[in-house]
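Chains as they are written, first to last, in the UniProt record's numbering: chain A, 1 to 448; chain B, 1 to 448; chain C, 1 to 448; chain D, 1 to 448.
A couple of the hints might just be wrong.
Each pair may be met inside one copy or between any two copies, as identical chains are not told apart.
What the hints assert, rightly or not - Think about it this way: if two alpha-carbon atoms lie no more than 25 Å apart in a straight line, the pair counts; the simulated SDA-like pairs of lysine to any residue are: (1) K293 x L25; (2) K420 x R67; (3) K293 x G128; (4) K5 x E48; (5) K103 x G15; (6) K420 x H46; (7) K354 x G153; (8) K293 x R347; (9) K5 x Q24; (10) K76 x P20; (11) K5 x D57; (12) K5 x F45; (13) K415 x R194.
Don't read these hints as lab results, they were simulated from the structure.
4 protein chains.
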Amino acid sequence: MTLPKPEDLIIHSLGECRFPSPLQLGAASGEYHGEFMSDAAKVRFHVELERLEGRPDDLFFERAGPRERLFFDPSKVKAAIVTCGGLCPGINNVIRSVFLSLKYNYGVPEVYGIRYGYRGLNPAYGDGFIRLTHEMVENIHLHGGTFLGSSRGPQPVEVMLDTLADRGIDMLFCVGGDGTQRGADALAQAARRRNLPLAVVGIPKTIDNDIPYVFRSFGYGTAVEKAREVIAGAHAEAKGAPNGIVIVKLMGRNAGFIAAGATTASQEVNFAFIPELPFDLDPPNGFLAHLEKRVLQRGHAVIVVAEGAGQHLFGDLPVERDASGNIKHHDIGTYLRDRIIAHFRERRIEANVKYIDPSYLIRSVPANCDDAQLSDRFARYAVHAAMAGKTDLLIGYWHGLFVHVPMHLVTSQKKHLSPKSSMWLSVLAATGQPVLMVNEPVPETTAS
Amino acid sequence: MTLPKPEDLIIHSLGECRFPSPLQLGAASGEYHGEFMSDAAKVRFHVELERLEGRPDDLFFERAGPRERLFFDPSKVKAAIVTCGGLCPGINNVIRSVFLSLKYNYGVPEVYGIRYGYRGLNPAYGDGFIRLTHEMVENIHLHGGTFLGSSRGPQPVEVMLDTLADRGIDMLFCVGGDGTQRGADALAQAARRRNLPLAVVGIPKTIDNDIPYVFRSFGYGTAVEKAREVIAGAHAEAKGAPNGIVIVKLMGRNAGFIAAGATTASQEVNFAFIPELPFDLDPPNGFLAHLEKRVLQRGHAVIVVAEGAGQHLFGDLPVERDASGNIKHHDIGTYLRDRIIAHFRERRIEANVKYIDPSYLIRSVPANCDDAQLSDRFARYAVHAAMAGKTDLLIGYWHGLFVHVPMHLVTSQKKHLSPKSSMWLSVLAATGQPVLMVNEPVPETTAS
Amino acid sequence: MTLPKPEDLIIHSLGECRFPSPLQLGAASGEYHGEFMSDAAKVRFHVELERLEGRPDDLFFERAGPRERLFFDPSKVKAAIVTCGGLCPGINNVIRSVFLSLKYNYGVPEVYGIRYGYRGLNPAYGDGFIRLTHEMVENIHLHGGTFLGSSRGPQPVEVMLDTLADRGIDMLFCVGGDGTQRGADALAQAARRRNLPLAVVGIPKTIDNDIPYVFRSFGYGTAVEKAREVIAGAHAEAKGAPNGIVIVKLMGRNAGFIAAGATTASQEVNFAFIPELPFDLDPPNGFLAHLEKRVLQRGHAVIVVAEGAGQHLFGDLPVERDASGNIKHHDIGTYLRDRIIAHFRERRIEANVKYIDPSYLIRSVPANCDDAQLSDRFARYAVHAAMAGKTDLLIGYWHGLFVHVPMHLVTSQKKHLSPKSSMWLSVLAATGQPVLMVNEPVPETTAS
Amino acid sequence: MTLPKPEDLIIHSLGECRFPSPLQLGAASGEYHGEFMSDAAKVRFHVELERLEGRPDDLFFERAGPRERLFFDPSKVKAAIVTCGGLCPGINNVIRSVFLSLKYNYGVPEVYGIRYGYRGLNPAYGDGFIRLTHEMVENIHLHGGTFLGSSRGPQPVEVMLDTLADRGIDMLFCVGGDGTQRGADALAQAARRRNLPLAVVGIPKTIDNDIPYVFRSFGYGTAVEKAREVIAGAHAEAKGAPNGIVIVKLMGRNAGFIAAGATTASQEVNFAFIPELPFDLDPPNGFLAHLEKRVLQRGHAVIVVAEGAGQHLFGDLPVERDASGNIKHHDIGTYLRDRIIAHFRERRIEANVKYIDPSYLIRSVPANCDDAQLSDRFARYAVHAAMAGKTDLLIGYWHGLFVHVPMHLVTSQKKHLSPKSSMWLSVLAATGQPVLMVNEPVPETTAS
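Excised from the complex, chain A in its bound form (with noise of 0.2 Å):
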């Protein structure tokens, strides 16, 4: 990951803050008292260091938190919260969790939800604006998906900010991955070449965790969660048959955190592949020569592989992409399928394939509670920003803290799992697979 300079970090404000906030505490108030955070409250960033004498210079992240003085009079604020991309468990309680704290924290009189994602903001598909209300929002945390819908893809940033401007909205929550935050990140430099106050705060929605200054996003616990109940049921399933292989897809376009921590959670899987190691399948060295010594010693195997894992055993083969700009990937999960049960039958040797593609079903469920306290906070913490007139931001978080960062930085890279963390030592620990399955010599990361 490249890291910022100092400079890059600064965060874009609207103006002066010349309304007090509504908010009960106290800047200097007493031990038992929460208090206001000032704009010069920083987050370290690098917490490791290789050895002392080396010392990188600090990296410091401006601090989220509410400010005592806002840009905007709360009492006059019209504010609107948009949900782009694939589901995530928590979206619904980011936008209950923003309703209630625009509502009930600083009073602002009118919230609106905007339907099916940045198309919502576009006149032509007609979507439109709800009006949120209590009652609307009151249960939804309780359900997986988004009250408001979502869509795929980027709509024209002048079109979208037209709209906002004729509704007079004076700030906007996306909620989204990095493609929404593209598209956020467009429409508050929009607005600053019209200069229109308006804050754009981005709060980061990526069920695969691979958002760079997330430590932690929400949604992508609870997908773990599901993930285990899926491999426990292949588990059972390899170890019902004769030679019982199962293979497992699990989301993960980039980024091998579900797979890897679905893997350590279960304990039950002898093979997982992400997208940021390569392996290969053929001899000497490749995977199935280990899963074949696997299956004649145990008589079952479990495999769990990311969606975007092994994308290089495809080749040359041309690749598309999805209404947000992903890459759609090559399947890996039947792929693996194919090649396993060709394997097995040209080495005579029985085997009982099985394959599970969970695909939605780990992402439909609520959050779990760390995945809702995780999604209360960044909409709380989002809301303190816009407040405070800052914009062209995302809410980050690392440590337990939360904190500002640019836009521009989050748009431009994704996050991956690295092999020399503590978790993938967790998976080769857990799954006893061979450090590396490749015939060298070993290609370039394949995470793209």
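Using the hints provided, position chains B, C and D relative to the given structure of chain A.
Below, chains B, C and D without anything else, positioned relative to chain A:
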């Protein structure tokens, strides 16, 4: 369903019961004691009457239960249990309870588990027997799958019988569906021909709940529970996108009980298709027009389809069979998906169509409480029957009572979900779907 | 249980059915259609026979179902629903399905929910009516509790009837236990005296599963599921400490179905106590000696006790009653705990005794799939009955079929768990506990 | 929290590391390999800064991880693991991963489990050692509790050390809270005095999440998950009765993390009380008036109270301690319940007050995925430390990284939930409760 004659209900017996039961029950004990069950105790099959005057002859089945006198000397019994066919929640509970009942209630010294279904009885495979111990089975009921492993398909009857005879097995418990029970029937008959005093007792296993004389089979309810979870996810996906349409394929080769149960329980399904009911896709009264109307009115739709539904739509395409002799159904799920996509594309109506096939996920989980209780009881009643020297029978169940069903009654037909049943009426009410989506004339029943 | 005579089974009718049903069912429709149910359709009660020669007279109940002709003009009906007594999984499903069936199947224009049980019919409390809408009830089945609120105890019948008459209510659905149904019975009788054409239909609600003629009540299965979770925790606690003994108190005032069901499902209980079976604590054959033996042999023990068990141990202590008239049982859970602690202390044997009372936790959860289906059907059958002008009846259920049970049959007695039943035999087998832990002579049954 | 000086962070070592690690990691391996960790690798403690100019000196902890050279010859190691104190989700995962890591990663031939906590090291109890095998531990992570059993309280250090020395134990893994780690510290020091090369490594176990230098302890998240379920039930009960008030008592002796986490996750709590914040009950600003207002406005209320909250309300009542030396708190739950009942009775306002104490239920369940991963890693890092001859340390954790914390740092203080933290601000926002419910002057912090 063809009804048997009273003489068809006689249960085969291995001979005179000369040993007293070690169970501490009094035949004429007081109010607080359980008691032995006489062979004269019966359970009625019919409870529905259209009109009192037209009352049909009652049909009475022998009631299951512990007998006061046993054919086998418990202290010398060698018993074996085999599990066949696909996974089903509760198999491990059955294995465990058969073992515990034999060992602790009857004092049987040797209980064997046969590996990987009937092929474990065929020395050609070399899978062998496991001598079961308390430690082995203690916690297996907490996990999905089958501790013994399973396989599909028949094995040569005489070979299996040789194996059982060589091992000195006195009683064999066969856990499986109709194919398995056909095998059990053949084994019992072959043993009779050899004058081998082998008790063969079938324990019905069918996640589809389609074995006759078993009103509720273990595992079915758990599968419905998991299917409901899948539907909840599908519902979130459907509502999360403009004109979201999600198709969920559920188990149910010949009977729609899982699809119907999950639909009624979830209350979030708009169209449910089962093998028992034909349907058309095209105008004037086919499904696609109804779906289009629903989507245009409400913006989303959830469709549940049993895997055996709509096979008539494939016309004269040849059918294949799996190792168990089950028809390999044409894939109605992807067919529906493709037809829906084509329909909306042709009509130039936006539709976001998703397809979910949870496949093994709904059958590889541990038993819920109802299934845990059911499987426990099926197991214990099977043991009672075998100890009393009964053979060539299946444990049946209705009205909270367990009965002895001659094996031949369950191997020739399937149980179906009647479109006139309370269950199907509930589906119609919950979905609001048309009673029939066919273009006249109505074809004959499609269930096989 | 005292059996009724055939003349006791006649269902009260408000009068001639002059209106055609709007339901799209054909009385003589084809194979694929549901159909209307005739009043002549009956369901047998008895299925068990000791011996064929002694066959008792059959008892036939009127079968529930949609009638072809209705007493009420659906387009003019005002209906109301009230929920009384303690929470039970599935109440919200009942409310929702009554509403949906009335509104969408029958086209009833006005459906009201009554707040907080019968007191909502007493203007003195001012709780009032809610006019139900689709939006209100759409998702309530996904949550535990009762959307309408509940309360205990009776209200003046004439006052309630005045309220209903003033509002022009044509039919009242009473969801509750035996106390509630006594109130419903009184209301129906009072309406008859006034010649008010009010249909009063009871929907049985009893988490304890103790209403006669209802073989399985909604909510019971879900409660067992939660109780099993509690027992799993208790088991972990018991094994986690030297001589760990954990007592779990479960619901079950008069009937031990929850305790027995959870015990059989869990297979981790060593002693289960229910109201139907007396037991002693002291030597020679009391519980404490058996417990001591178990703990010394195995190092831990799990005990499940229904709240109504062992009341005879409190001797002549006076009993109190709650607002519903239910006996407030002496606290057998803490009593057992204290006696166990004292016993081991006295015997100078280490014991780590813990007590778990999950109380409300097993009744406030959403309905599982079986209960969701059951409550849906109870609701819809109640609606069918009311539309046909039937009154003063409860919806009964056995053998998968729903029936009309005259209210007076269920208000005078409770259903009990027979110690001779398959269920209790399963408990004895699963726990290994002695058949009876009493010192002679055996006292009379303790169930009230 | 008092911060240590750099010299306080030095980790004790048993001596020179003469044996190469059998782990297949390269110190300077390529991009796709994990690698050994040098003793020079450090992890920063501070990430928050108020202002850049006031930047405090960094505090660096030794980073945990596999060392390239080991103190012990793995092929000759005898290791032991002991679990102490109350149950906590994940203990079995720790036991299992310690065993697997020792056996399969390092090739350690003998691993022992010590029965029932430290008393298993005291021959007076005769509980003894279990030699662990793969079969024993294979599935234990799927179940709650501790496979080894546990107990509270200290044992004589020299006696324990004698046992370990007699058995030739080289390394002891101590899973427990601060009391346990005090014992581990004493053992390590005593071994040092005897020149016994015994590695004592602590693995922090605290369901309350209150051990310093462990930002997130395993089991805590699972407990919050269960607590949220309890609150959902409480919410249903509260809304189910007129003026329903439900009090839920949750774990949390000294720290309110469980109460705060469950409150934020559930979003259904109206008042939360934690040990860190004092509160009054009486006017003018005490809790009861705020509760009354809430109930009159909204008709129900849910209250969550940590067991250690509000102890100041008991004034000078003497305190007792349990075998672990933990203060036995006065029962704030029933006290609140009684005061609430009295308040509403006195004010002649109807209130239906219920009290739920889930007690053991939230700690005896299996670990969720996060806790499964955490406990796996704590276990494996503890093994790495011990193999390298490090002793008298605890595995610490923050920012996704694991560190070595000198034992003495964690035995003298507890971690607390700061009222200024993001977590507590989320509680205030979610509940809407007043920032402080005290009558001046504010008492000192009540946390002990």
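- Which holds for K354 with G153 at a C-alpha limit of 25 Å: within a copy, between copies, both or neither? between (34 Å within a copy, 18 Å between copies)
- Could you figure out if K76 and P20 sit no more than 25 Å apart (CA to CA) within one copy, between two copies, both or neither? within (14 Å within a copy, 57 Å between copies)
- Message: At most 25 Å between CA atoms: does that hold for K415 and R194 within a copy, between copies, both, or neither?
- Response: neither (33 Å within a copy, 50 Å between copies)
- Go through the copies and call it for K5 and D57: within, between, both or neither, with a Cα cutoff of 25 Å. both (10 Å within a copy, 22 Å between copies)
- Task: Give the relationship of K103 and G15 under a CA distance limit of 25 Å: within one copy only, between copies only, both, or neither.
- Result: within (23 Å within a copy, 55 Å between copies)
- Message: At most 25 Å between CA atoms: does that hold for K293 and L25 within a copy, between copies, both, or neither?
- Response: between (63 Å within a copy, 22 Å between copies)
- Query: Can you tell me if K293 and R347 fall within 25 Å by alpha carbon in one copy, between copies, both or neither?
  - Reply: within (12 Å within a copy, 53 Å between copies)
- Using 25 Å as the alpha-carbon threshold, which applies to K420 and R67: within, between, both, or neither? For K420 and R67, the Cα distance is within 25 Å only across copies (14 Å; inside one copy 39 Å).
- Message: Treating 25 Å as the Cα threshold, decide for K5 and F45: within, between, both or neither.
- Response: Classified as both: same-chain Cα gap 12 Å, cross-chain 23 Å, threshold 25 Å.
- Query: Is it within, between, both or neither when you check K5 against E48 at 25 Å Cα-Cα?
  - Reply: both (18 Å within a copy, 19 Å between copies)
- Message: When Cα atoms must be at most 25 Å apart, do K5 and Q24 count as within-copy, between-copy, both, or neither?
- Response: neither (36 Å within a copy, 37 Å between copies)
- Taking 25 Å as the upper bound on the Cα-Cα distance, should K420 and H46 be classified as within, between, both, or neither? For K420 and H46, the Cα distance is within 25 Å both inside one copy (17 Å) and across copies (24 Å).
The structure shown violates the earlier hints numbered 9, 13.
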